[in-house]
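A.B. asks: If you read the sequences in order, they're chains A and B.
Under our numbering, the first residue of the first sequence carries the number 4, and numbering increases by one thereafter.
Under our numbering, the first residue of the second sequence carries the number 207, and numbering increases by one thereafter.
Quick caveat, the hints were computed from the structure, so don't treat them as lab data.
Please note: incorrect hints may appear among the correct ones.
What the hints assert, rightly or not - Residues of chain A placed beyond 10 Å of chain B at every Cβ, according to the derived structure:
id	residue
1	LEU54
2	ASN65
3	PHE88
4	GLN89
5	GLU95
6	SER116
7	LEU149
8	LYS213
9	PRO233
Unchecked claim - Short, incomplete list of chain B residues facing chain A, as computed with Cβ under 10 Å:
id	residue
10	SER392
11	SER394
12	GLN395
13	ALA404
14	TRP409
15	ASN411
16	MET419
17	THR481
18	GLY483
Beta carbons are placed, not taken as given, at the ideal position from N, Cα and C, and that holds for glycine.
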Amino acid sequence: MLRLEALHKRYATGEVALTGVDLEVIKGQVMALIGPSGAGKSTLIRCVNRLVPPTGGRIFFNNEDVTRLSSRKLLKMRRQMGMIFQEFALVERLSVMENVLSGRLGYVGFWRSFLRKFPQTDIDKAFRLLKRIGLDHMVDKRADELSGGQRQRVGIARALIQDPQLLLVDEPTASLDPKTSRQIMRLICELAHERNLACVINIHDVPLAKMFAQRVVGLRLGEIVYDGTPEGLNDDVLTEIYGEEDWHINKYAPKAAQQESSWDEEDTEEPAATAS
Amino acid sequence: MKKILRNQQQRQVDTNMTNLSLAPRTWKRKSFIENQTVRYSICAGVILYLFLSFNTLEINWIRVWEGLPRGQKFLAGFAPPDFISRWEEIVDGVLESLWMTVASTVVGIFISIPVALGAARNIAHPSVYYFCRGIIAISRSFHEILLAIFFVKFFGFGPFAGFVTLSFATIGFFAKLLTEDIEDTSVSQSEAIQATGANWWQWINYGIQPQVMPRMIGLGLYRFDINFRESAIVGVVGGGGIGATLNTAFDRYEFDSAAAILIVIIAIVFFVEYTSGIVRKQVQ
Chain A
4 MLRLEALHKR YATGEVALTG VDLEVIKGQV MALIGPSGAG KSTLIRCVNR LVPPTGGRIF
64 FNNEDVTRLS SRKLLKMRRQ MGMIFQEFAL VERLSVMENV LSGRLGYVGF WRSFLRKFPQ
124 TDIDKAFRLL KRIGLDHMVD KRADELSGGQ RQRVGIARAL IQDPQLLLVD EPTASLDPKT
184 SRQIMRLICE LAHERNLACV INIHDVPLAK MFAQRVVGLR LGEIVYDGTP EGLNDDVLTE
244 IYGEEDWHIN KYAPKAAQQE SSWDEEDTEE PAATAS
Chain B
207 MKKILRNQQQ RQVDTNMTNL SLAPRTWKRK SFIENQTVRY SICAGVILYL FLSFNTLEIN
267 WIRVWEGLPR GQKFLAGFAP PDFISRWEEI VDGVLESLWM TVASTVVGIF ISIPVALGAA
327 RNIAHPSVYY FCRGIIAISR SFHEILLAIF FVKFFGFGPF AGFVTLSFAT IGFFAKLLTE
387 DIEDTSVSQS EAIQATGANW WQWINYGIQP QVMPRMIGLG LYRFDINFRE SAIVGVVGGG
447 GIGATLNTAF DRYEFDSAAA ILIVIIAIVF FVEYTSGIVR KQVQ
C-alpha cells in the first residue's frame, strides 16, 4: 500500500537526511519508526506526503507515484494520508470544531470552508469523532484552552476525519506525561485497527514502541538498520540503532532499577552498586 | 544516609585533585571588536564627529535672548483659544480629516494584505517576494510630507491628494509589519493544514490567518491613529483636512483659532488612542 524505493533526501543546506530508504508498509499494519534525533524519521514521514519534497527515489501509495504528482493531484493524495504531529500542531486560535473540520479542507471548496459552512455529513462525522475521543462537550473551546492530552485527541480527530488510508504520526507523545502517552498511543492504535489503516509512527520512546507496534523499523543516519518484530529489539539492536551505550547500567541508581525500568519508585536498603 | 556520606567524601576527593593540578585560569569578557586599536579609534572618531557637528550649529545666544520677548508675545496670542469664530471651519476640517483617515486606512490595509502575503518568505515564491519587498521599500522610503507634496502637485489641492498619500504610506507600514508577523507564524500549525490536502487559499485562511489576526487588528487600529495625526500634517502642504484649516489660521495670524484647532486634534488623538488600546487588549 505504501512503498518507498531508494528514497533520498538532501536538504538545501547540504545535509543528507535519508540515504536510499526502501520500505513497504501493508494495509492495517502499525509500524513504529525509531532512531536517534537527526536520523531522518521526521523527514521520512514528511516526504511521504511531500511536506518535504524528496530529492531522489520514489514513493508509491496505492501504486501511484507520489513524487511525480501534479500539485492538484498531490492535494487529492494528501487527503488519503492523515497526519498527527508532535506538539499537536493545532491552530491555536481556532476552536476545537474548526480544527477538526479543517481535516475536511481537501474535500470542500474554498468559499464553503471560508464561511465555515461544511456539509452536514462532515459535521456529523466531526461530532461522532469528538464523542469518540471524549471531547464533544468542548466543541467551541479554543484549541489553546485544552490540556496536552486533549489537544492531541483533537489532532487525532483532525487526521481521522480525512477518512485516510494511512496515518503518518510524528512523535505523538513527545510532550505528554507517561500515562497520557499510553492513552494516546492506545487511542491511535485502536482507531487504526478499527479502520484497518496503515500507520507509521515516529517515536522516541522505545518501550512504548514495543508495547504498541506490530513492527519496528530502526533508522540511523538516514538508513534502515533494523526491521523486525518488537520482541527482536534487544540491546545489540538498540546499540546498532542508537550507538554505543550501556543500556541498563547506572551506578548511582538503586539496584532494582537496573534489572527492569519500572514506573513505581522503590526505596531499597541496598547500597549503591560498585560497577567498577 | 550512608550512601550520601560516601558520595560527599568522593566529591571532596575529586575537588582536591583538580585544585592541585591546575593554576587559576583568568577570564575576561570577549569584546565585540577584538582589535584594540580599531576599537579605540572608532570611539575617538565618533566623539570627534559629534563635537564637530555641534560646532556647525552656530547658535547665536544674543539673538536667542533678544527673540525671547517676541516668542512670549507669540505664545500669548494662543491664549485663550477661540473655538467660536471659526467653529464651522474646524468641524468641516475635522470631518474631512476623519473621512481621509478612515478611507485611507481601509484602502491601505486592503492593498497591504496581498503585498504582505507576497513579501513573506515562508509563503511566497522568490520572484513575487522581491517584487512585493520592492513595493514596501518604495512606500517606506518617502516620508508622508514628501509624498503629499508630490500628490498635491499630481492631483491638485484637496483631500483626495491627502487620501492617496495616506493610503500609500499605510501600505509600507502595514505590509512590512504584517509580513514580519506572517514570517513568525508557527510552521507546525501551517504544515498541519497543508497535510490535510487544503488548497492555497484554504491554507492561508486556516493555517496563517488565525495566527496573525490579533496583530492585524492591533496594527490596523494603530495605523488609524497615525493616519489621523498625519492627516493634519498632510493638510499643511495642501492635502486638505484639519491641517488645511490649521494652516489658514496661521496664515491669517489667528493664533487663538489655531490653538483651538490644536486642542481639538490633541483631544481626538487621545480619544482614538484610548479606544484603540481597549480594543487591542480585547483582541489579544
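A.B. asks: Indicate, hint by hint, whether the structure satisfies it.
C.D. replies: Each hint tested on the structure:
1. Some Cβ of chain B comes within 10 Å of the Cβ of LEU54 (chain A); the nearest lies about 6 Å off, and the non-interface call is violated.
2. Every beta carbon of chain B lies more than 10 Å from that of ASN65 (chain A), the smallest distance being close to 15 Å; the non-interface claim holds.
3. Not every C-beta of chain B lies more than 10 Å from that of PHE88 (chain A), the closest at about 6 Å, which undercuts listing it as non-interface.
4. The claim that GLN89 (chain A) lies off the interface is violated: its Cβ sits roughly 7 Å from the closest Cβ of chain B, which falls inside the 10 Å cut-off.
5. Remark: the non-interface label on GLU95 (chain A) conflicts with the geometry, its nearest Cβ contact in chain B lying 7 Å away (cut-off 10 Å).
6. Non-interface call for SER116 (chain A) relative to chain B: violated, since the shortest CB-CB distance, roughly 5 Å, does not exceed 10 Å.
7. Separation of LEU149 (chain A) from chain B is adequate, the least Cβ-Cβ distance of about 14 Å exceeding the 10 Å criterion.
8. For LYS213 (chain A), the shortest C-beta to C-beta distance to chain B comes to about 27 Å, beyond the 10 Å cut-off, and the non-interface label holds.
9. At the 10 Å boundary, the C-beta of PRO233 (chain A) stays outside the reach of chain B, the nearest C-beta of that chain being 27 Å off.
10. For SER392 (chain B), the interface hint holds, the least distance from its beta-carbon to any beta-carbon of chain A being 8 Å, beneath 10 Å.
11. Taken as an interface hint, SER394 (chain B) checks out: its beta carbon lies about 4 Å from the nearest beta carbon of chain A, inside 10 Å.
12. With a least beta-carbon distance of about 5 Å to chain A, the hint placing GLN395 (chain B) at the interface is held under the 10 Å criterion.
13. Given hint, ALA404 (chain B) at the interface with chain A, holds; its Cβ is 4 Å from that chain's nearest Cβ, closer than 10 Å.
14. Residue-level restraint check for TRP409 (chain B) holds (minimum Cβ-Cβ distance to chain A is 8 Å; threshold 10 Å).
15. The criterion of a C-beta within 10 Å of any C-beta in chain A is met by ASN411 (chain B), whose closest approach is roughly 6 Å, and the hint holds.
16. Evaluation of the MET419 (chain B) hint against chain A yields a held restraint, the C-beta minimum of about 7 Å falling below 10 Å.
17. Nearest Cβ of chain A to the Cβ of THR481 (chain B): about 23 Å, over the 10 Å cut. The hint is violated.
18. Evaluation of the GLY483 (chain B) hint against chain A yields a violated restraint, the C-beta minimum of about 21 Å exceeding 10 Å.
Checked against the numbered hints listed earlier, the structure breaks hints 1, 3, 4, 5, 6, 17, 18; every other hint is satisfied.
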